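Please arrange chain B on chain A, whose structure you already have, making use of the hints.
Going down the list, the sequences are from chains A and B.
Mapping to the working numbering: the first sequence position 222 is 222, numbers consecutive.
Mapping to the working numbering: the second sequence position 180 is 180, numbers consecutive.
Among the hints, a few may not be true.
A pair holds if it fits inside one copy or across any two, identical chains being indistinguishable in the list.
Unchecked claim - Pairs of lysine-lysine, BS3-like flavour, derived with a Cα cap of 27 Å: (1) 149 / 75; (2) 310 / 191; (3) 75 / 145; (4) 145 / 305.
Derived from the structure by calculation, the hints contain no laboratory data.
Please read these numbers as outputs of a predicted model, since none were measured by experiment.
There are 2 protein chains.
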Amino acid sequence: MGVKTDQSLKYNKYAYVCFLCSVLVNIFLSYNLFVGKKWSLSWSTNAAAEAEAVASISCSGHGRAYLDGVVVDGKPVCECNTCYDGPDCSNYILDCPSDVNSGDPLFLEPFWMQNAASSALVVSGWHRMSYQFGDHTATSQELEKSIRKLHSIVGNAVTEGKYIVFGTGSTQLLNAAVLALSQDNSSTPSKVFVSIPFYPAYEEQTEFFATEDYEFYGDTSLYKNNSDDTMDMIEFVTSPNNPDGKLKRSVLKSPSAKAIHDHAYYWPHFTAIPSPSDEDLMIFTLSKLTGHAGVRFGWALVKDKAVYEKILTYTGENTFGVSKDTQLRALKLLNVALQGDGRSLFKYAHETMRNRWESLTETVSLSTRFTVQEIAPRFCTYFQNVRGPSPAYAWLKCEREEDELCYKVLEDGGILGRPGTRFGASSRYVRLSLIKTQDDFDQLLQHLKILVLQEAGGTRADI
Amino acid sequence: MGVKTDQSLKYNKYAYVCFLCSVLVNIFLSYNLFVGKKWSLSWSTNAAAEAEAVASISCSGHGRAYLDGVVVDGKPVCECNTCYDGPDCSNYILDCPSDVNSGDPLFLEPFWMQNAASSALVVSGWHRMSYQFGDHTATSQELEKSIRKLHSIVGNAVTEGKYIVFGTGSTQLLNAAVLALSQDNSSTPSKVFVSIPFYPAYEEQTEFFATEDYEFYGDTSLYKNNSDDTMDMIEFVTSPNNPDGKLKRSVLKSPSAKAIHDHAYYWPHFTAIPSPSDEDLMIFTLSKLTGHAGVRFGWALVKDKAVYEKILTYTGENTFGVSKDTQLRALKLLNVALQGDGRSLFKYAHETMRNRWESLTETVSLSTRFTVQEIAPRFCTYFQNVRGPSPAYAWLKCEREEDELCYKVLEDGGILGRPGTRFGASSRYVRLSLIKTQDDFDQLLQHLKILVLQEAGGTRADI
Numbered sequence: 001m002g003v004k005t006d007q008s009l010k011y012n013k014y015a016y017v018c019f020l021c022s023v024l025v026n027i028f029l030s031y032n033l034f035v036g037k038k039w040s041l042s043w044s045t046n047a048a049a050e051a052e053a054v055a056s057i058s059c060s061g062h063g064r065a066y067l068d069g070v071v072v073d074g075k076p077v078c079e080c081n082t083c084y085d086g087p088d089c090s091n092y093i094l095d096c097p098s099d100v101n102s103g104d105p106l107f108l109e110p111f112w113m114q115n116a117a118s119s120a121l122v123v124s125g126w127h128r129m130s131y132q133f134g135d136h137t138a139t140s141q142e143l144e145k146s147i148r149k150l151h152s153i154v155g156n157a158v159t160e161g162k163y164i165v166f167g168t169g170s171t172q173l174l175n176a177a178v179l180a181l182s183q184d185n186s187s188t189p190s191k192v193f194v195s196i197p198f199y200p201a202y203e204e205q206t207e208f209f210a211t212e213d214y215e216f217y218g219d220t221s222l223y224k225n226n227s228d229d230t231m232d233m234i235e236f237v238t239s240p241n242n243p244d245g246k247l248k249r250s251v252l253k254s255p256s257a258k259a260i261h262d263h264a265y266y267w268p269h270f271t272a273i274p275s276p277s278d279e280d281l282m283i284f285t286l287s288k289l290t291g292h293a294g295v296r297f298g299w300a301l302v303k304d305k306a307v308y309e310k311i312l313t314y315t316g317e318n319t320f321g322v323s324k325d326t327q328l329r330a331l332k333l334l335n336v337a338l339q340g341d342g343r344s345l346f347k348y349a350h351e352t353m354r355n356r357w358e359s360l361t362e363t364v365s366l367s368t369r370f371t372v373q374e375i376a377p378r379f380c381t382y383f384q385n386v387r388g389p390s391p392a393y394a395w396l397k398c399e400r401e402e403d404e405l406c407y408k409v410l411e412d413g414g415i416l417g418r419p420g421t422r423f424g425a426s427s428r429y430v431r432l433s434l435i436k437t438q439d440d441f442d443q444l445l446q447h448l449k450i451l452v453l454q455e456a457g458g459t460r461a462d463i
Numbered sequence: 001m002g003v004k005t006d007q008s009l010k011y012n013k014y015a016y017v018c019f020l021c022s023v024l025v026n027i028f029l030s031y032n033l034f035v036g037k038k039w040s041l042s043w044s045t046n047a048a049a050e051a052e053a054v055a056s057i058s059c060s061g062h063g064r065a066y067l068d069g070v071v072v073d074g075k076p077v078c079e080c081n082t083c084y085d086g087p088d089c090s091n092y093i094l095d096c097p098s099d100v101n102s103g104d105p106l107f108l109e110p111f112w113m114q115n116a117a118s119s120a121l122v123v124s125g126w127h128r129m130s131y132q133f134g135d136h137t138a139t140s141q142e143l144e145k146s147i148r149k150l151h152s153i154v155g156n157a158v159t160e161g162k163y164i165v166f167g168t169g170s171t172q173l174l175n176a177a178v179l180a181l182s183q184d185n186s187s188t189p190s191k192v193f194v195s196i197p198f199y200p201a202y203e204e205q206t207e208f209f210a211t212e213d214y215e216f217y218g219d220t221s222l223y224k225n226n227s228d229d230t231m232d233m234i235e236f237v238t239s240p241n242n243p244d245g246k247l248k249r250s251v252l253k254s255p256s257a258k259a260i261h262d263h264a265y266y267w268p269h270f271t272a273i274p275s276p277s278d279e280d281l282m283i284f285t286l287s288k289l290t291g292h293a294g295v296r297f298g299w300a301l302v303k304d305k306a307v308y309e310k311i312l313t314y315t316g317e318n319t320f321g322v323s324k325d326t327q328l329r330a331l332k333l334l335n336v337a338l339q340g341d342g343r344s345l346f347k348y349a350h351e352t353m354r355n356r357w358e359s360l361t362e363t364v365s366l367s368t369r370f371t372v373q374e375i376a377p378r379f380c381t382y383f384q385n386v387r388g389p390s391p392a393y394a395w396l397k398c399e400r401e402e403d404e405l406c407y408k409v410l411e412d413g414g415i416l417g418r419p420g421t422r423f424g425a426s427s428r429y430v431r432l433s434l435i436k437t438q439d440d441f442d443q444l445l446q447h448l449k450i451l452v453l454q455e456a457g458g459t460r461a462d463i
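Looking at chain A on its own, in the form it has when it is part of the complex (with noise of 0.2 Å):
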């Protein structure tokens, strides 16, 4: 009995320990549940389980579905990078060409999926309703000084001392600029210059929207001979320039030439930083800093008191402004963008960019067909060293007497590049994005390879 007895009270004591237990794991649960935050969200439960369901949906990494995407059984299809096709995006396309023409920075995208939960955004059903935000301005203080920061800590734009105005992309600024600068009632148009080679939207843009104050010119070279000083001229100097990546200045120099600073790629992922530029219009875009082309959001930094005036009129006659969403995504993804001054999302655009042009810049070494553009090295002020060229695009030459359409022998050869006529410049020319999936990269290096190959008169199955 007295075993017994002994034995009831171990088993007391092993019940008394469980019991234990097995309330403090219910506390642990129960604090969990009902005070920790997870249990506290109410009305964006269902829309963030929908969002992280969409984004769980498996693409085998060659795309993603999206929460707006065509609905097929119930749930948003994959869509495919170029050469890949199937409902998940697994059959690679044979005798796919590569297509590198647009400028579609697709090459930040898994940035954004590594920084998911930073960059994740909640957007409230009544979120700005009105036209205006608390100051009665249409513009979000907040993004404006999130972006001052962040030339600030980059070192690319003197802020201080300048307006900023927002646009629906920096598309909509660029002509807004123009408008702006050409001269009212004039009795002769201003005349709208850029140096060759250049992006072809300067030409298309102003010649669609062209007013009786301005019209499209063309190439530098047209007027530098000139001397008649009266002209009114704008000039777009785009620095890196686009296609080839060079820093520029303005060219013309006369007293009534004014310029327009395109600064869409001065980031220390495409060129060094030498320093912060100063001019009195600069024009900067989301998509070449964070990779969000399809977010339109675009700013103007002004020195000028009525030119900053003009181009928030012609934004406010054109769209009332920027979409209160886009203002409120564009915070949240340069607040992302700040963090560490910067440090993650420039290493891992700068890193990303060179690496792709080391590649590029080996294979076509090897290539007397075909050359690049040459970019020296310059000390960067950001990552405070010397670097080598990462530029978004590669500016391509036939170098054969032949082969006088550089695009078509890239295209026998499996790539879709942008022809050099498009930028004003010769058909020996092509402009290559680099700046696009990871795919397209892979697909574009693997044609140049054969390409190359066959100037050896070696064949597709050498490599």
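Structure of chain B alone, referenced to chain A:
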């Protein structure tokens, strides 16, 4: 001993039952925490908690805090309705004029607060970074589907056989439509007409962006008696009209006259829907449908392919289409609007507008000094009944001979409307916005009652 053993057994039984209960509670809590939906959230949790924390900031019902509001003491400040201030908007500002100038459609804000869960949106950092959707257009197919479905349910527009083009607000589409309808390279520019009273933006925008192909001309009466059939004419037709809420038709009947039908207000909120509009070019906006003026989104329904393509080119050259964030949000909001065939949104919107109109006209009916427009009851095919007026604006007239400057009369009475002269009309008229917040409307009514009371020799103290 026997008793002790019995007791011991009894305790053991209790302990066993308690332990079993505790384990069951463990299982239940674990299930909720680890398997249930709440726990499964990962990258969206912080953003959701952040948005809910901001939404829970109390602004006394006279304001709201936003995620991108100006931050003070670590959290966004309350943004107060007109005539309220203080950290939580609880302070009513004495002798504050009622500001009913703008068409800010905040009357729908409470609807979206009531529908917080279904209208919340979670945007991932990598959402739609590309310029294009999967089908290589800049236009969301799902959003287009929702728009067509909504028109079909409401019965306010025929979408079959029409192209849809999106704009950064209908504002962008108004000018795009003018450019698309004007004659290229004609010796004389197309002339843009509109009937007085009209929405001021038509004139301001057309003049601001005027090219060689079109010019603002003025009131349709300038042409009506003219018989020049060769003149290229474009007529803005706003139906229901802003400012007076009347249903309108084009008045220029020449073979070379084209019309842009601005149907911003052609929703059951503001008017009976007698039949679906089936015009060649119709423009709609999210702003006056869901109340999201801050979301810059509009759309045009276009019959002619060439006109559609020119509008599409305009939006492309101007802003590269509509921001993907904006399209995503518009999709979310329209899908809430579509729930229950739109009954919930349209019932709320119509009742609010009808109640405001009834309160306003009740006050005005006591006056001989002021009158407002009359709108006849009509059968509404959406609500399937005859319904009275519920316009977005009161088009108020000062009837006394000495009250020629009606805006001034109202201003002296603490009401800031928009002068009739802005709409091309006489200074005897003033537009009063009825679509702002309930606070704005209440203040308008309060000031108007005092003005009407003063006619009978009453004083402020009487009400």
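These are the hints, each one checked on the structure:
Taking identical chains as interchangeable, the C-alpha atoms of residue 149 and residue 75 lie at most 27 Å apart only when they sit on different chains, with a minimum of 19 Å there against 40 Å within one chain. Taking the closest pair of Cα atoms, residue 310 and residue 191 come within 27 Å of each other both inside a single copy (18 Å) and across two copies (25 Å). Proximity of residue 75 to residue 145 under the C-alpha cut-off of 27 Å is restricted to the inter-copy arrangement: shortest distance 16 Å between copies versus 39 Å within a copy. Taking the shortest Cα distances, residue 145 and residue 305 sit within 27 Å of each other inside one copy (19 Å), while across copies they are farther apart (44 Å).
Consistency note: the structure conflicts with none of the earlier hints.
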